[in-house]
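Read top to bottom, the protein sequences are chains U, Z and C. With the working numbering applied, the first sequence corresponds to residues 1 to 276, in that order. With the working numbering applied, the second sequence corresponds to residues 1 to 375, in that order. With the working numbering applied, the third sequence corresponds to residues 1 to 301, in that order.
Possibly wrong hints are sitting among the right ones.
[What the hints assert, rightly or not] Simulated restraints on C-beta separations:
1. C/Pro244 to Z/Trp236: 36 to 44 Å
2. U/Thr73 to Z/Ala167: 30 to 38 Å
3. Z/Glu129 to C/Leu112: 57 to 65 Å
4. Z/Ile286 to U/Arg148: 15 to 23 Å
[To be verified] Okay, the calculated bits of chain C under chain Z, using three or more residues with CB under 8 Å as the criterion:
5. 138-148
6. 226-237
It should be emphasised that the hints constitute simulated quantities derived from the structure, not laboratory data. These numbers were taken from a predicted model, which means no experiment stands behind them. We put the CB at the ideal spot given by N, CA and C, even for glycine.
Listed here are the chains, written in short residue letters.
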Amino acid sequence: MKPILEIDALRVSLPNAEGFTDVVKEATLTVNEGEIVGLAGESGSGKTMTSSAILGILPKGARTSGTITFEGTDLLSLSNSELSRIRGSRISMIFQDPSAALHPLLTIGTQITEHMRHHLKIGKREATERAVMLLKQVQIAEPRKALRSYPHQFSGGMRQRAAIAIALACEPRMLIADEPTTALDVTVQDGILQLFNRLCDETGVAVLFITHDLGVLSTIADRAYVFRDGAVVESGDTDDVLLRPTHEYTQALIASRAQSLAQERVGAEVQEGDHK
Amino acid sequence: MMPVGAQERPPASHPSAPAVDASSAICGSNQRKPFMPLLLKTIAKRLLATVALLWGVTVVTFLLVSVVPGDPAAANLSQQAYDDPEIREAFRSKWGLDQPLIVQYGQYLWNILHGDLGVSQQTNRPVLEDLSRYIPATIEIAIPAMVIAIIVAVALGILSAMRKGSALDNGIRVLSLTGLSTPPFWLALVALYVFFYIFGWVPNGGRLSNMYDPPPTITGMYTIDALAAGQITVFWDAVWHLALPVGILAVLTTSGLLRFVRSSMLEVLDSDYIRAAVAKGLPRRIITWRHVFKAGLLPVLTVSALTMASLMGGAVLVEQVLSWPGLGQYAYKSALGLDLQAILGVTLFVAIVYTGINLIVDVLYTVIDPRIGAK
Amino acid sequence: MISLPPVLDAAKAKRLNLKTSRMLRTQFGSVWTRPWTVISLAVITIWTFLAITAPWVVPFDPLKPVGENLQAPSSTHWFGTDELGRDVLSRVIAGSQLSLPLAVIIVVFSLLVGGIVGLLAGYLGRTVDGIAMRLADLVLAFPQIILAMAVTAAFGPSTGNAVLALVIVSWPLYARIIRSSVLSVREQEYVVSGHLLGSGMFKSLVKDVIPNSAGPALVMSTIELGNAILMLAALSYLGLGPRPPAAEWGAMIALGSQNLSNWWISLFPGLAILTIVMAFNMLGDSIQDYLDPRSRGGKLR
Numbered sequence: 001m002k003p004i005l006e007i008d009a010l011r012v013s014l015p016n017a018e019g020f021t022d023v024v025k026e027a028t029l030t031v032n033e034g035e036i037v038g039l040a041g042e043s044g045s046g047k048t049m050t051s052s053a054i055l056g057i058l059p060k061g062a063r064t065s066g067t068i069t070f071e072g073t074d075l076l077s078l079s080n081s082e083l084s085r086i087r088g089s090r091i092s093m094i095f096q097d098p099s100a101a102l103h104p105l106l107t108i109g110t111q112i113t114e115h116m117r118h119h120l121k122i123g124k125r126e127a128t129e130r131a132v133m134l135l136k137q138v139q140i141a142e143p144r145k146a147l148r149s150y151p152h153q154f155s156g157g158m159r160q161r162a163a164i165a166i167a168l169a170c171e172p173r174m175l176i177a178d179e180p181t182t183a184l185d186v187t188v189q190d191g192i193l194q195l196f197n198r199l200c201d202e203t204g205v206a207v208l209f210i211t212h213d214l215g216v217l218s219t220i221a222d223r224a225y226v227f228r229d230g231a232v233v234e235s236g237d238t239d240d241v242l243l244r245p246t247h248e249y250t251q252a253l254i255a256s257r258a259q260s261l262a263q264e265r266v267g268a269e270v271q272e273g274d275h276k
Numbered sequence: 001m002m003p004v005g006a007q008e009r010p011p012a013s014h015p016s017a018p019a020v021d022a023s024s025a026i027c028g029s030n031q032r033k034p035f036m037p038l039l040l041k042t043i044a045k046r047l048l049a050t051v052a053l054l055w056g057v058t059v060v061t062f063l064l065v066s067v068v069p070g071d072p073a074a075a076n077l078s079q080q081a082y083d084d085p086e087i088r089e090a091f092r093s094k095w096g097l098d099q100p101l102i103v104q105y106g107q108y109l110w111n112i113l114h115g116d117l118g119v120s121q122q123t124n125r126p127v128l129e130d131l132s133r134y135i136p137a138t139i140e141i142a143i144p145a146m147v148i149a150i151i152v153a154v155a156l157g158i159l160s161a162m163r164k165g166s167a168l169d170n171g172i173r174v175l176s177l178t179g180l181s182t183p184p185f186w187l188a189l190v191a192l193y194v195f196f197y198i199f200g201w202v203p204n205g206g207r208l209s210n211m212y213d214p215p216p217t218i219t220g221m222y223t224i225d226a227l228a229a230g231q232i233t234v235f236w237d238a239v240w241h242l243a244l245p246v247g248i249l250a251v252l253t254t255s256g257l258l259r260f261v262r263s264s265m266l267e268v269l270d271s272d273y274i275r276a277a278v279a280k281g282l283p284r285r286i287i288t289w290r291h292v293f294k295a296g297l298l299p300v301l302t303v304s305a306l307t308m309a310s311l312m313g314g315a316v317l318v319e320q321v322l323s324w325p326g327l328g329q330y331a332y333k334s335a336l337g338l339d340l341q342a343i344l345g346v347t348l349f350v351a352i353v354y355t356g357i358n359l360i361v362d363v364l365y366t367v368i369d370p371r372i373g374a375k
Numbered sequence: 001m002i003s004l005p006p007v008l009d010a011a012k013a014k015r016l017n018l019k020t021s022r023m024l025r026t027q028f029g030s031v032w033t034r035p036w037t038v039i040s041l042a043v044i045t046i047w048t049f050l051a052i053t054a055p056w057v058v059p060f061d062p063l064k065p066v067g068e069n070l071q072a073p074s075s076t077h078w079f080g081t082d083e084l085g086r087d088v089l090s091r092v093i094a095g096s097q098l099s100l101p102l103a104v105i106i107v108v109f110s111l112l113v114g115g116i117v118g119l120l121a122g123y124l125g126r127t128v129d130g131i132a133m134r135l136a137d138l139v140l141a142f143p144q145i146i147l148a149m150a151v152t153a154a155f156g157p158s159t160g161n162a163v164l165a166l167v168i169v170s171w172p173l174y175a176r177i178i179r180s181s182v183l184s185v186r187e188q189e190y191v192v193s194g195h196l197l198g199s200g201m202f203k204s205l206v207k208d209v210i211p212n213s214a215g216p217a218l219v220m221s222t223i224e225l226g227n228a229i230l231m232l233a234a235l236s237y238l239g240l241g242p243r244p245p246a247a248e249w250g251a252m253i254a255l256g257s258q259n260l261s262n263w264w265i266s267l268f269p270g271l272a273i274l275t276i277v278m279a280f281n282m283l284g285d286s287i288q289d290y291l292d293p294r295s296r297g298g299k300l301r
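Isolated chain U (complex conformation) (with noise of 0.2 Å):
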C-alpha cells in the first residue's frame, strides 16, 4: 500500500484571550492510496481542524507546526497561492451541511465547471460535457436540467451528491469528507456512504472520511483513528478498531454508541405513545 498523504506530528494552535491552545496536538496519520481512513472522535477533538490544516484553510491566526506530506511536498510549507494549485483539483473537500457548502446564487452547473476550467484550463462545452458526466456518476438523474437548477432545488441528499460531483471534477487523488452524512437523514445516509464506497472502488480515489458516528465508521472506513482532545488515541483497521480496542477512551466511546441506541428506541417508544 503505498502511501498518499502523511501526516507527522502535527500540531494546530488557534489564538484566544490568553494566548494560543492547541486543538491538535501531535497528531500522526496516514492515508494510502485508494483506501478510505476514517477519523473518528467527539465534537471539538481535532478532527476538523487536521482536515482543514491539510488544504491550508484554517481559521485566520492558526499556527501550525509538524509536516503533512502530499505527493512528495510537505503541505504546511506551501505558499497560499501553491496551495491553491491543489485545493480542489489534487485534493477536495466536502462538508458537512451542502446547505451551506452551495452557493445559493450559482447555478450547479458554475458551481461544477468553474474550478474545473480554471484547474484543468478546459474550455466551456468541454467543461459541461464532463459535469454532465460526473452527475451520471453520483446518480443525480436528468444531470443536464440539473445543471441548470439552483441548490435549493435539490433535497439534502441530491445537494450533498452534487457536492460529491464537485469535489470529484477535477479528478483528484484525495477526497476529505468532513462529517458528509451528519446533516442527512438516516434514510439518506446510507445511499451517500455506499456512493462514497462505489467512487472508491471505481477512481481509485482515496477518502478521509471525518465522523462522529461509529456506526458510520465502521460502514465505509478500512482503517480508522480515534481522536480525543487534539492527539490520536487508537488506531488500526476499522475491525479491530471498534470490537478489540486497546484505549479506554474507544471502549468509552462505543459503550456510550450502545447506550444511545437503546436511548433512542426507548424515545421514539414514548413518541409514539404520545400520539395515542
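Given chain U, put chains Z and C in place with the hints provided.
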C-alpha cells in the same frame, strides 16, 4: 442619524432568504414557477398592500392634524385678524374647518381620488402645484446623492470587509461612524462655513445665482431644463449650486449604507460556501466577484432603496440650512403653519414614494434571487 | 431537558462549529483591552458627569449675559460668547443636562411601549399581531424627522411634545425586536414540550423573552440613545423642541447659523453632539461585537 443612511435597520416586511424547502427533489418541470404570472401576482399583492397602507396614512395624518390642540386659524392669521371673530369664522369656513371631522375626511378622500390635493393655506396655491414645484428640487439633490452614496459605499464596504481588522478597515469604520453621528444641519453649516465662507468655492445656498432666471420648466430640475433649453451657462450655475447639498447628503447617506454593505459582506465572507469556494482552489478574483459580490448585494439592494426614502428626511434639514426650496422646506413650513392640506399632500407623497420603492425592491428581488418563487 | 440521541441530532453538528467559535470568541479578550470601547465609555461617563454636576461645574451662568456679545474664544470664555453675551462653554455644558436625561426618557418609554406591543403581538398572535405590525409599518413608512416634525408642530412645540413625538417615532423598532424574541421562544418551547401553550405559559414566556431579547434590545437602546439626541437637536434646531432661553444644543446651532462669521456659536454645540452620539454608537457596536458568537480577531479595537 436617522434621516439619512438608516443604520442597519431591516426593512419593514421583507423576506430575508426564504426558508428553503429541503424536501423537494428535482423532477420534471419543477424548476421554477412560470415567471410572468408570478411577477404579476407579486406586484398585485404589493399594490394592494400599498393602497391599504396609503389609506392608513391618510387617516392617521388627518387625525393627527385635526384632533390636536393647534388651531390652523391661529397659526396662519395675524393676531389682529385672529381676534376678529368674523375673520376667524371666514377663515374657518373657507377651509372647511367648521365641518364635522368625518365630513372633512370624506371630502378630503374624495378630492384625492379625483387628483385634487386641496389648496395650501400658506401659499394659496393648489397643493399639487406646490408639490410639482418643490419635489423636483429635492429630487435634483437626492438622486445624485444616492448614486454617489451607493457607489462609494459598495466600494468601500467591500474593501473594508475583505480587509477586516486592518488599519484601512478601522479607518473606514471610524469615518462612517462619524458621518452617522453628525447632525445633518450642523454638517451643512460647517461645510457652508468652510467651503463658502472661507474658500468661496461654492455659493451661499439657493438653486441659482441671482443674475439668472430659471430655465423654462419641463421637469422642474434646473439642470435638466437648462440643458434642454440650451442654456449652458445657466446649466453650469445650477450644477455649481448643487455641489454642496449633494455632497453633504452623499456623505451622510454613504455613512449608513457603508456599514450595512460591510456587515452584509462580512456575513457572506463568513459563510460556508465561500470557504468551500476557497477549498476548490478558485482564484481570489473569481471568488470576490462571482461569489461574494453576488451574495452580498441582495440585502444591500433593499437598504439602498430604503435610504432613498429616508434621504428625504435628511433633505429637510439640509434644505433649511442651504435655503434650498425643496420638499423638505415645504414640509417644514407646512408643519409650522399647521397647513393641513399641504401636510397631507407631503405626507401622502412621501408615503407613496416609500411604498413604491418597497414594491420595486420586491419585484427586483423576485427577478434576481432564484430562491424566491421556486416551489 | 430531553437529550436527543446523538446519531439523529443534526443540531449537534452545528454545535461542532460553535465550540470552535467559542474558543475563538475568548480571544475577544477583556473589555478593557479594546481602546474604542474604553474611549466611548469614558466619553459617556464624562458627559453624564457633566450633566449631573452642570449647575456647579459651569464657569458662568448659562442663561445670563456675562460678557461682551459675540466674542471669539478667549482665555476667559474658552468657547466664546453668543449674541446675547452668554458664555458658550457654560451653555454647552448645560445642554447636556437637557439632552441626556431627555434621551434616556425617550428610550425608556419607547422600550416600554414597544416592548408591551411586541409582547402582546407575539403572544396573542393573529389579529393583534397583524394590527400591531401594520401600525408599526405605518410609523416606519415615514422618515423619522418628518413624522416627528409633524407631531411636534401639531401638538405645539415644547420639550414634552418633542419627547412624545420621538417616542411615537421609535417604539416600532423595539416592538419588532421583542416580538421576534417572543416568537422564537414560543417555537423552542413548542419543540421541547410538544405542547401547545397553556395558561401558565405567559409568565414563563416573559421570563424567557427577557434574557432572549436582552442582547439585541440593549444594542438597539444604546444606539437609540445617540439617535434620540440627534433627533432632539434636529427638532430644536427647527424650533420645535425645548423653547429658548433653554440651552439646547440644536437651538444653539440654529442661533449661530444666523451669521456664519461667529463660527464658535454653532461649532461647539455641534461637536458636543458629535462626540456623545459617536460614543453611543461605538458602545453599541462594541456590545454587539461582544454578543455575536462569531466575533473573531480584528474587530474595531
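Each hint tested on the structure:
Take C/Pro244 and Z/Trp236: their Cβ atoms lie about 42 Å apart, and the range 36 to 44 Å holds. As the Cβ distance of U/Thr73 to Z/Ala167 is approximately 35 Å, the hint placing it in 30 to 38 Å holds. Separated by about 44 Å at the C-beta atoms, Z/Glu129 and C/Leu112 break the suggested range of 57 to 65 Å. The beta-carbon spacing between Z/Ile286 and U/Arg148, approximately 20 Å, falls within the hinted interval of 15 to 23 Å.
Under a criterion of three residues with beta carbons nearer than 8 Å to beta carbons of chain Z, the stated coverage of the segment 138-148 of chain C is upheld, 8 such residues being counted. Coverage of the segment 226-237 of chain C by chain Z holds [criterion: at least 3 residues with CB-CB distance below 8 Å; count 7].
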